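S.K.: Each chain is listed here by its residues.
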Amino acid sequence: MVRVLDPTLLVLLYSTVAAATSALGAVPLLWQARPSARWIGWSNALAAGLMLGAAYALMVGGLPRIPWSGVAGALLGVIFVNRVHMASGTADLDLNRLGETGPEYGYQVLLVHILHAAAEGVAIGVAMTVSLPFGVFMALAIAVHNVPEGMVLAVILTARGVRVRDAAMLAVATNVSQILLAIVVFALASAAPSLLPWALGFAVGALVYLVMAELLPECYRQAGRTSIAVVTFVAMGIVILLLEVGG
Amino acid sequence: MIVPLTVQVFLYGLVTALATGLGAVPFAFVRSISPKAVAQAHAVAAGLMLGASFGLVAEGTSYGSWQTMAGVVVGVVFILLVEKVLRHQNVGFVRARGAGARRMLLVMIVMTVHSFAEGIAVGVSFGGGMTLALVIVVAIAVHNVPEGVAISAVLRPEGVGVWRCAGWSIVSSLPQPLMAVPAFLLVETFSRVLPFGIGFAAGAMIFMVFEEILPQAYDHERRHPVAVTVTVTLVAMLVFQQYL
Chain A
1 MVRVLDPTLL
11 VLLYSTVAAA
21 TSALGAVPLL
31 WQARPSARWI
41 GWSNALAAGL
51 MLGAAYALMV
61 GGLPRIPWSG
71 VAGALLGVIF
81 VNRVHMASGT
91 ADLDLNRLGE
101 TGPEYGYQVL
111 LVHILHAAAE
121 GVAIGVAMTV
131 SLPFGVFMAL
141 AIAVHNVPEG
151 MVLAVILTAR
161 GVRVRDAAML
171 AVATNVSQIL
181 LAIVVFALAS
191 AAPSLLPWAL
201 GFAVGALVYL
211 VMAELLPECY
221 RQAGRTSIAV
231 VTFVAMGIVI
241 LLLEVGG
Chain B
1 MIVPLTVQVF
11 LYGLVTALAT
21 GLGAVPFAFV
31 RSISPKAVAQ
41 AHAVAAGLML
51 GASFGLVAEG
61 TSYGSWQTMA
71 GVVVGVVFIL
81 LVEKVLRHQN
91 VGFVRARGAG
101 ARRMLLVMIV
111 MTVHSFAEGI
121 AVGVSFGGGM
131 TLALVIVVAI
141 AVHNVPEGVA
151 ISAVLRPEGV
161 GVWRCAGWSI
171 VSSLPQPLMA
181 VPAFLLVETF
191 SRVLPFGIGF
201 AAGAMIFMVF
211 EEILPQAYDH
221 ERRHPVAVTV
231 TVTLVAMLVF
241 QQYL
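Those protein sequences? They're chains A and B, same order as listed.
For reference, each letter of the first sequence is one residue, going 1 to 247 in the numbering used here.
For reference, each letter of the second sequence is one residue, going 1 to 244 in the numbering used here.
Don't take every hint at face value.
Covered stretches of chain B (chain A as the covering partner; in silico rule of three or more C-beta atoms under 8 angstroms from a C-beta of chain A) [as the list claims (entries may be wrong)]: (1) 55 to 69; (2) 209 to 220; (3) 231 to 237.
It should be emphasised that the hints constitute simulated quantities derived from the structure, not laboratory data.
Please read all numbers here as calculations on a predicted model, not as lab measurements.
Where is the CB? At the ideal position from N, CA and C, for every residue including glycine.
Chain A extracted, bound-state conformation (with noise of 0.2 angstroms):
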């Protein structure tokens, strides 16, 4: 059935439960409140692991070589993610206070959560430009990815007074230019295939430097190092080899 489908509208589909998943992470906050500091770690190694393991897949299952107009779509990638952070003044920002209250730093993490998952957006429209088996693939890594990330972001929200359905729904709103950012990707690219090294490359740079700016730092104040590395390593490894085993 899914085969009549228009390309577009199977990006749609796939981006939209890519996005939806990060509900999921409320679920959780049902039963406990406020997990520990180092299971929100956890939460973070697990995202930032599934986060580079879909670069992994970017790298190796996007293209046969890298040609140059994808290094300097990388290159794209970190000065976007940069220049952003630098200039909403959330480069220091620490994602995951609990205690804070005050409404400038709610719209920050806000902000934060909605970049990071536009840049999730160009790699899924990359991933689908490139072949419909390569973009679900991608698209399930993400919406795994998600979760975890769903939960963090649940888990500051009630911390400040939103109710965990609130929140749940503020998490998957976050997500909105997730799905949009995969569907211009997706038609940029098919229509001026010249684009899609570049897109491609994009992606890479801005994944990598997010799971290194934004998640990774976190996870290491949160939990000890070895578990973090545990945590992050097989959340890495079942993506690499699902894509290389399976692929």
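With chain A held as given, fit chain B onto it using these hints.
M.R.: Same frame as chain A, now just chain B:
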């Protein structure tokens, strides 16, 4: 003068090992070692090792996915065991003691063990014929330089001199000539072990990056400068491997 093939293979392997010492060269130009420079050095090491490992995993899985993945798992278990042993001992490395010495020793162990896999790769590739020997030697020699940079980046901030960094970098690559010879003589056997060895090397390196190298970078520098360095060096390493 006719040099026996096995001696040639050994000498080629030795040349590639010596090239690793060149990785210390950039550190001859860095005068002061501020905490931020220490962090940046670790970020460079992390990016280089992650990029190298991604390249290794991609290469290993082209020989055999499951063997590579088995190698990866054994590589991580190996690191955990080595750490367990080191943790209960008061280790010293060069003049350093404590956590710094433990980190240096771990990097040396991982990079040396990783050279065994590379040596096998060298020998196996020579087994395909000596016509491309020079190309292979140059490629691997150049490829070894960033590994020397990664080792020096961890050793130099602990007060190890530039010459000693070069020396330790070369030591870490000595398994290359040693493993190249048997791999060349027994290509059939060793090409079957190759994906496992490659996976082992990649697993050990990636795990060490997450457990020792990255936390060290975040300790002394803000997150964004670290992220820029790691991402750019990772991409540079991938490109570097592809075009050589």
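S.K.: Apply the coverage criterion to the stretch 209 to 220 of chain B and chain A: a residue qualifies when its Cβ sits closer than 8 angstroms to a Cβ of the chain, and three qualifying residues are needed.
M.R.: holds (count 6)
S.K.: Are there three or more residues in the stretch 231 to 237 of chain B whose C-beta lies closer than 8 angstroms to some C-beta of chain A?
M.R.: With 4 residues closer than 8 angstroms to chain A, the stretch 231 to 237 of chain B meets the three-residue bar; holds.
S.K.: Taking 8 angstroms as the Cβ threshold, is the statement that the stretch 55 to 69 of chain B is covered by chain A upheld or broken by the three-residue rule?
M.R.: This one holds; 7 residues, not fewer than the three required, reach chain A with a Cβ under 8 angstroms.
In this structure, none of the earlier numbered hints is contradicted; all agree with it.
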